[in-house]
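Q: Using the sequences and the hints, build the whole thing.
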Amino acid sequence: MHYLVETGKLKALNDTVEGFKKKYPNVEVDVQGMSLDQYSNTLNMKISAGDMPDIIFGNPKSFADIVNSGNILDLTNQPFTSRVDQDAVKCAEVDGKVYGIPMDLMLSGVIYNKDIFAQNNIQIPKTYDEFIKVCETLKKNGVTPVAAGYKDMASVGGSFWCQLYGGALAQMPTMRADIMSGAKNPSDFPLIKQCLSQWRTINQYTDNALQVGVDRSEQELGSGKAAMIIIGSWAISSVRNYGPDTNLGAFLFPFFNDSSKNKMQYNTDDTWMISSKSSNQAAALAFFDYMTTTDAASTWATDVPAVSAITGAKAAKLDPILDDMNATLKSGAAYNALAETNFFGQSSSVWDNQMQAWQFSKDDVDTFLKSMDSAMANARTTGK
Amino acid sequence: MPLSKIEGKSNAIFFMRWGLDMKRKAINGLQDFSFVLPALLIFVFVIIAPFISGIHIAFTDWNGINSTYHYVGLKNLISMFSDSEILNPFCNTIFFTVVTVIFINILGLLLAVALNTEFKGSNIIKTCIFMSMVVSLVLTSYMWVYVLNDFISPFFKIASPLSSPDTVMIGLCIMSIWKETGLAMVLYYAGLKTVPKDLLEAAEIDGANGIQKFFKITIPFLAPVITYCVILWLGLGLKQFDYSFVATNGGPGTSSMSMAMYIYKYEFPYYKAGYGQMVALVYLIFVLLITFLTTKALRKKEIEL
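If you read the protein sequences in the order shown, they are chains L and F. According to our numbering, numbering within the first sequence proceeds without interruption in unit steps and concludes at 1424. According to our numbering, numbering within the second sequence proceeds without interruption in unit steps and concludes at 309.
Hints are computed from structural coordinates only; laboratory data are not their basis. Among the hints, erroneous ones may be present.
Stated by the list, open to error - Partner residues aside, some chain L positions facing chain F, computed with beta carbon under 8 Å:
1) Asn-1081
2) Asp-1105
3) Ile-1106
4) Ala-1356
5) Asn-1393
6) Gln-1394
7) Gln-1396
Heads up, the beta-carbon is just placed ideally off N, CA and C, and yes, glycines get one too.
A: Written as structure tokens, this is what we have:
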């Protein structure tokens, strides 16, 4: 069961399933897909009904409640687990045990139109002030500086994972654990306030962001209507659907004016788990074993396209956008946003809702942070 | 024959007839009940039995997926009354219910009155208005999201009501009013056919104008239909879930979350099924109370009219 919608990822999944079926022709594979918005709810209902899928798409840290309830198989000692990059496998750990296999990395950045930049004589900004100046220049010249579609949570999430979870999160690595435990409130973190304030400024350079979804924002960038989008690498295949030949690249989002502090957020993207209650566990383990072979993982990385999380596997050719992101990753100016505890359960849902609410809010940032404190505290205490 | 024997025979005949009457009533009653039985069985197995078996969950800390849980007494109830976040979905639901009940009934009645006279094309118009009823709630939501965001907003250069926390509930009300007015029109139209024409003619002869005839004659005859319609949409409004979930997913943020969606969130994605169940129980009592009081008030008004 999965919530993949991007064309490349669906092809990757299809190729993996077909490859597995060729190796194990007697095994039937039933693939069920749905939208991200409905995925958690459907999965929970299936667990309650005793109808859990054998293989589940999702990161164990985001589904920690399901992991802690004993419904996900511990993969720590499986032979295929050691094929995952050591840094990447941390993203699939809960309490020191591996519960998922990540297939690729998710890199965040600002995807930009190189031709529009060249036409307007714009250099890649290295600081936040420079980034705003770039937006100003583009706006003056009649180009939508930043595409966004906050009607969809995917656009909201793509934006704050890029803005907040890179260099900023590196300065406050236990932020999420502290908020969930009640040790601190969101308003106790000056960098959260800075992120919200900067985000509001950036939104002045978007067009119709409150009324359209992520799909429309990807279309605006791909078709050349907008110059930039602040998002994750998961959106690349959708952007390319709208602009297969558009001259696009990516740069590190400059959260700080001190460029040495700026880091790109990265973590693992497409991750798969196995149900501990699966009656087809042997087949599920065989699928994972096949999926993590160099050939299958390389096919996956090529189809998506993405940087593979499997050691030795790589895409035949990376999109130029990914080339730029990968270069930033290799330069070391990157932070693994899933190395520490991530929001999960109600806290995750409320955090996302608050981030989306900020886009539509008319409150000043301090007032909003107070309501955010209340909402996160409520998520922690109500019904417990 | 002695009087006592005559009296005795009469009593015997009376009791025999009474017995036969009771037997016939019982048989008639059973026959009537047999028509209700299939629906009643479904209602019991699908609604009542799960409801009763789930009541105890409200007093536990069950997270919805674990195989075990603990009883926590009234902790969930206390938690509910100290949860400030519950006010938002509650107010949203009340707003939605009040607006849709008023507009669906008024628009439905106006359309029924307007289409009560036969003219060329009146049946086609009635059919077109009623067609919205055959569209599912989910499809209605998707359609109106597109109409409001991608058509009306750019065409008339106005902000879509779904794009602001201040107006999103109005957007959801529009969807419901569009979908339900057709049924209201049909119900009121049927009600209008029960108004005796001779009464209306007599009133006209006596000098009553259109408005006087409507309020003094038509409305009293429509009172039972009004009672039915108000209660129907009161119930639908209070349990509203689909528009909030499908059209906006409770957003922007949580500004269009309804009570039903709030309960759903706690039951499933928040892994606090015990608390969600308690909120559901308390809300059920609230809904029953509101519909009982409203029905009582409207029935009293029917009698007065």
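Q: Look at each hint and say if it fits the structure.
A: Comparing the hints with the structure gives:
1. Asn-1081: 5 Å, holds
2. Asp-1105: 5 Å, holds
3. Ile-1106: 6 Å, holds
4. Ala-1356: This interface hint is violated because 38 Å lies over the 8 Å limit.
5. Asn-1393: 5 Å, holds
6. Gln-1394: Holds - the Cβ of Gln-1394/L comes within 8 Å of chain F, reaching about 7 Å at its closest.
7. Gln-1396: Holds - the Cβ of Gln-1396/L comes within 8 Å of chain F, reaching about 5 Å at its closest.
Consistency with the previously given hints fails for number 4 only.
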